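S.K.: Sequence:
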Amino acid sequence: CWEGLLLYPVSPSVIFLAKLALNVVTLAALQCVLIPLFVVLCDVPLLAHPWAMLLVALLGNLGIAALGTLLSALTAAIRHGGNLLTLLVLPMALPVVLASAEATRLAIGGDFGTEWWRWIQLLGAFGVVFVTAGFLLFDFVVEE
Numbered sequence: 001c002w003e004g005l006l007l008y009p010v011s012p013s014v015i016f017l018a019k020l021a022l023n024v025v026t027l028a029a030l031q032c033v034l035i036p037l038f039v040v041l042c043d044v045p046l047l048a049h050p051w052a053m054l055l056v057a058l059l060g061n062l063g064i065a066a067l068g069t070l071l072s073a074l075t076a077a078i079r080h081g082g083n084l085l086t087l088l089v090l091p092m093a094l095p096v097v098l099a100s101a102e103a104t105r106l107a108i109g110g111d112f113g114t115e116w117w118r119w120i121q122l123l124g125a126f127g128v129v130f131v132t133a134g135f136l137l138f139d140f141v142v143e144e
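For what it's worth, the UniProt record's numbering labels the leading residue of the sequence shown as 1, then goes sequentially.
Hints in this document: simulated from the structure, not taken from any laboratory. Certain hints may be false.
[Said to hold, decoys possible] Computed Cβ-Cβ distance ranges for the label pairs, DEER-style:
{"#": "1", "residue 1": "CYS42", "residue 2": "ALA18", "range": "32 to 38 Å"}
{"#": "2", "residue 1": "LEU54", "residue 2": "ILE78", "range": "35 to 41 Å"}
{"#": "3", "residue 1": "ALA18", "residue 2": "GLY82", "range": "17 to 23 Å"}
{"#": "4", "residue 1": "GLY124", "residue 2": "LEU47", "range": "21 to 27 Å"}
{"#": "5", "residue 1": "CYS42", "residue 2": "GLU115", "range": "18 to 24 Å"}
{"#": "6", "residue 1": "VAL14", "residue 2": "THR86", "range": "41 to 47 Å"}
{"#": "7", "residue 1": "VAL14", "residue 2": "CYS42", "range": "18 to 24 Å"}
{"#": "8", "residue 1": "PRO36", "residue 2": "LEU136", "range": "21 to 27 Å"}
{"#": "9", "residue 1": "VAL128", "residue 2": "PRO50", "range": "41 to 47 Å"}
It should be emphasised that the depicted structure is a prediction, and the values quoted were computed from it without experimental measurement. Backbone N, C-alpha and C fix where the C-beta goes; we use that ideal spot for every residue, glycine too.
Work out the full structure, taking the sequences as your base and the hints as a guide.
M.R.: Next up, the structure:
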């Protein structure tokens with residue numbers, strides 16, 4: 001699969017960005033189904049501050065997708081790489097999961113003070129770091 005992708009006359013960094021975009025869109029589509037279910041089943045007033053929830057979802061998606069895209073390329077050539085991918089992604093994605101949960105909790109309560117913005121900054125920084133790292137390192141990761 002990687003060999004076929006690498007035959008395209010584009011930089012591997014462009015392939016990373018395309019895979020990242022696909023992962024972000026896939027996560028967003030999944031959230032379009034799961035968030036309304038969560039609102040209905042748990043009776044949570046998420047719609048009181050939709051801009052805050054959208055920001056948390058977008059930044060969380062970006063962080064998880066960037067991390068997953070980079071690590072999936074690292075483990076693609078390894079035998080049983082899917083198992084290793086799970087072991088790598090779960091602990092490394094923990095900051096995004098915790099920051100998203102805390103930012104969501106504060107947004108539901110309507111508390112948009114400095115604590116909420118710190119969680120948003122953490123989500124943004126995580127996304128920027130892993131998108132940048134993936135863009136810069138993807139050429140080396142897919143080399144054989």
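S.K.: Which of the numbered hints above does this structure break?
M.R.: Of the numbered hints given earlier, those the structure breaks are 6, 7, 8 and 9, listed in rising order.
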